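Colleague: Chain by chain, the residues:
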Amino acid sequence: MNYGPLIFLAAFIGLSASWFGFVLTPQIQLGRAQQATNTVNTAQLYPIARPGLAQEGLEVYKANGCFYCHSQQVGQTGTQVNFILTEIGTNPVAVAEGLLTAKVGLTNANAAGLSAGLPKTILRNVPIGDAKKAAKVTRDNGASGTVEVVAVGPDIARGWGIRRSVAADYLYDSTVMLGSQRVGPDLANVGARLPDANWHYRHLYVPRSVVKDSAMPAYSYLFKTRKIEGRPSPDALQLDEGFAPENGYEIVPTDEAKALVAYLLSLNSSTPLFEAPVTVATAPAAPAQTNSPAQ
Amino acid sequence: MSSPLNQPQSSPAEASQSQRRGPAVPIWLIVFLFLLLYWGALYFDANGGWFSPKIYAPYRDVEELTALQPGGGGNEFFELGKAVYNRPTCSACHQASGQGSPGQFPPLAGSEWVLEEQPGRIIRLVLYGMHGPVTVKGQQYNSSMVPWNVLSDEEVAAVITYVRQNKEWGNNASAVTPDQVKAIREKVGNRTQPFTADELMKIATNE
Amino acid sequence: MNASCSTTPSAAENDSTLRVIDASCRPPLVFLFCGAALWLVVAWAFALIAGLKFHSPNFLANCSWLTYGRVYPVSTNALLYGFAIPAGLGVGLWILARLGRTTVVQPWIIAFGAKLWHFGVFVGLVEILRGNSTGFEGLEIPKAGAILMFLGYMLIGIWSLLTLYVRTERTLSAPQWFIIAALFWFPWIFTTAHLLLTVFPVRGVTQSIIVWWFSGNLRFVWLALVGLGAIFYLTPLLMKRTLHSEYLALFTFWTIILFASWNGIPQGAPVPAWMPALSTVTTVLTLVTLLTFAVNIYRTCGNGCSTGQNPVEGKFIAFGSIAFVIAVLMSIVGLLRELNPLVSFTWFTVAQADLNVFGFFSMTMIGAILYITPRVTGFNWACSNKAKASFWLAAAGIVLYTVSLAAGGVMQGVKLNNPQIAFNEVSRASLMPLRMSTLGQLLILTASVLLLWNLVGVLVRIVKAQVNPVNANSVAAAEVKS
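Residue numbers (this note's numbering), protein chains in the order written: chain A, 1 to 295; chain B, 1001 to 1207; chain C, 2001 to 2482.
FYI, nobody ran anything at the bench for these hints, they're computed from the structure. For clarity, every value in this text was computed on a predicted model and none was experimentally measured. C-beta: ideal position from N, C-alpha, C; glycine also. Don't take every hint at face value.
Claimed, not checked - Only pairs whose alpha carbons sit at most 16 Å apart, straight line, appear in this in silico EDC-like list of lysine to aspartate or glutamate:
1. A:212 with A:250
2. A:224 with A:196
3. A:136 with B:1064
4. A:132 with B:1179
5. A:258 with A:196
6. A:136 with A:97
7. A:132 with B:1116
8. A:133 with A:148
9. B:1182 with A:140
10. A:136 with B:1179
11. A:132 with B:1063
12. A:212 with A:256
13. A:136 with B:1063
14. A:258 with A:241
15. A:212 with C:2425
16. A:212 with B:1063
Said to hold, decoys possible - For each label pair, taking beta carbons as the anchor points, the in silico distance ranges come out as:
17. A:17 with C:2333: 34 to 44 Å
18. A:254 with B:1086: 27 to 37 Å
19. A:159 with B:1167: 43 to 53 Å
20. B:1091 with A:129: 30 to 40 Å
21. A:157 with C:2162: 35 to 45 Å
22. C:2431 with A:159: 17 to 27 Å
My request is simple: use the sequences and hints to build the entire structure.
Modeller: As structure tokens, then:
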């Protein structure tokens, strides 16, 4: 018996099946269809290609292997729906009664209780249907409120993002470095979380000057120590006592460090998308915050 | 090729390896494989989103996602208003952007007429129309607006709410309820003549 | 050499045909194995440098070439591309020649391919140290190195298949299926990955999907095919029995090909849900691969497994078999709904990956190298104390390394999932297991040095034999006879 061709066929079938599944199909699904991505409830286009300096910074991030310790993907374990009452209107009693009869999960509601301290969350973690019903009841009775959709999960609770990461977040990136380890915190949203460039410079130069007991190595080779001649450079790092260079010297970031920080600041994935719906914090429509002209 | 290889003479271990293929696969293993495949089908059905490019864990299907959309799915009243506005009723003159057209039709975005704290005047204006000179955001306009009392109370309330609360236009005033529209309809009665700006200004805003 | 040395070729094997076949393998195997052993030392030396950075974050931090993000990928790439693949190709070639009962076709071309491959790895690793990594985990070697490696592979692969083609024993047995499929597998996944990632890069997250697909296919399918092929060939030989069932082996083969080729996409990945779901299902299906393999090997060994008479290469191979079972079980357990959040993004995944590449594959290959080299070169050294010491060092090292990282990873995961615990606290808690794993790395490094020392010894004797043939040949003959 000679099974040679059969084995070749087996390998061919097995590999081409997985090739079609995980190489070709994702190209068809995500490679083309995504390009018109924009957000659902705002006119804002998302994502936007990274500016040039940030793109250079991506190369620095890649060259120094930052992604072996930092992931760039936020997870989410579920979604929580809340209902926030923003305005009680002129008939609080009717609102309270309406909410009770609508059976949206509110057991004791009275006019005085609802009116106090608005806006406030009156329904927490309810089915979306109940929250919408509550919105309709309050509106019909002259009050108003918003349905709030929030992502939940340990990553979200750590403040690493407001929703899970999806394919659209990486649309324009070449060399997507999602990372597989969390030796350090996730960076998917670091530009929104830590928007201060100086903080990043100090952190890269001596991590322990800003994060106590940090396990991150110092990237001092991205900086230059030089003698101050004339006026100090405006770029020079403002370091705390004990980390600062000796008198007469200053630490300035190299072009690589500047690009890297620009890249870190460009990491921002806090726009809601259809595939990961969340309510972004907008000013609640409470009377005090309307822009109606003063009477 | 060297000569000893032309007559294959196998060593005992290897000769028996090529002849004896051993017992067949035990049946319990095949049963186990099929049980796993069955589990796999159930798992994929529950977690796989059926190959949709829009479904990410922990969501299960498009219906669930659509229901959770903020704004769109969450506020049907606002959406109704948007639909009424663009029928086109209002958008024919005031444009979908709410900017109107300079010198002809006044803007709604940021208009002091739209954003008044109490909606009494704007409801009248929409229900019965308006004609004659009017000043909006410091600009003079002189044209006329047709009455929209053919719309239901809910539609009028929704469209005014849409205009007053349209954050894309920078508007952020209180919502209007169908009851308020109904009350004004009853108060004004059977009027066929459009309002003028002066007339409207004489009405207290909360009436 | 003492008389009880268990690696002495048996009388049955000692016939002239096998001697001729083994001798024809000498040039490619010496080149493949010596280079591989060198990279093994490099891999664990760099792994040790990377590990020491968790003892002191500023250790060698001032030099960009030695920053963690460059040293760590050098260690993983040296292990996978420097050691595992060439060693696997060498062992595979030898199995194809032996089971096909034919001499190797153009052994010097394969030896040249081996040189090209190793040179490609060298170029690639230097490029990574210079900061020119591709940025794709598991595929860091940039184009320059990859092209050389690919050409080297093609020379080795094509002439290995030609050796298969001219075989005199036409019936293919279980180990050959595994090796043949693996030979086809690598060029396909390697070219797909490089074409779509470095030559004509696709955009967005599809890059990551391709990397996961490539990594899954290389680390699970390719390594499993070659490693299990070697185990299925060598275990019966060492036990002086026949393989329990070729049908079970065929079942193992098909399940790897059909199921394992889909695994690799992690559950939380930012890709549509169907991909991780499919990957999860297929990974769980590899439980069947595991069972068929375990039953087959267990039945083949019979009572032999428990006897202490196992020669040292048998010990390596037995360790590899057990490590395969545990590594696959770890990957399946890590996908369970309750456990996945605790192990994803932690050191547990590293422990699993390294147990697979080192504990299973590399240990099996070292066992095979110890078995093959005396037969191919005619110099018997494998039962020296160095080989025994290297087994115990490597085994203790990988056990310490895996256990501490896996346990530390779960602890890290539990803390990561509790947002009340500050992140600093999480990373501080995982330092202790990391430091313990460094000790494991040190043990493995010592074992690798011993292996290299052994191979260099053989190399020196081969060179000496070339210089002074008469004297050396009589020594070699005396050794083999003893």
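Colleague: Does each hint fit the structure? Answer for all of them.
Modeller: Cross-check of the supplied hints:
no. : hint                          : in the structure
1   : A:212 with A:250              : violated (23 Å)
2   : A:224 with A:196              : violated (21 Å)
3   : A:136 with B:1064             : violated (19 Å)
4   : A:132 with B:1179             : violated (20 Å)
5   : A:258 with A:196              : holds (13 Å)
6   : A:136 with A:97               : holds (13 Å)
7   : A:132 with B:1116             : violated (28 Å)
8   : A:133 with A:148              : holds (13 Å)
9   : B:1182 with A:140             : holds (13 Å)
10  : A:136 with B:1179             : holds (14 Å)
11  : A:132 with B:1063             : holds (15 Å)
12  : A:212 with A:256              : violated (25 Å)
13  : A:136 with B:1063             : violated (20 Å)
14  : A:258 with A:241              : violated (23 Å)
15  : A:212 with C:2425             : holds (11 Å)
16  : A:212 with B:1063             : violated (46 Å)
17  : A:17 with C:2333: 34 to 44 Å  : violated (26 Å)
18  : A:254 with B:1086: 27 to 37 Å : violated (54 Å)
19  : A:159 with B:1167: 43 to 53 Å : violated (26 Å)
20  : B:1091 with A:129: 30 to 40 Å : holds (32 Å)
21  : A:157 with C:2162: 35 to 45 Å : violated (60 Å)
22  : C:2431 with A:159: 17 to 27 Å : holds (23 Å)
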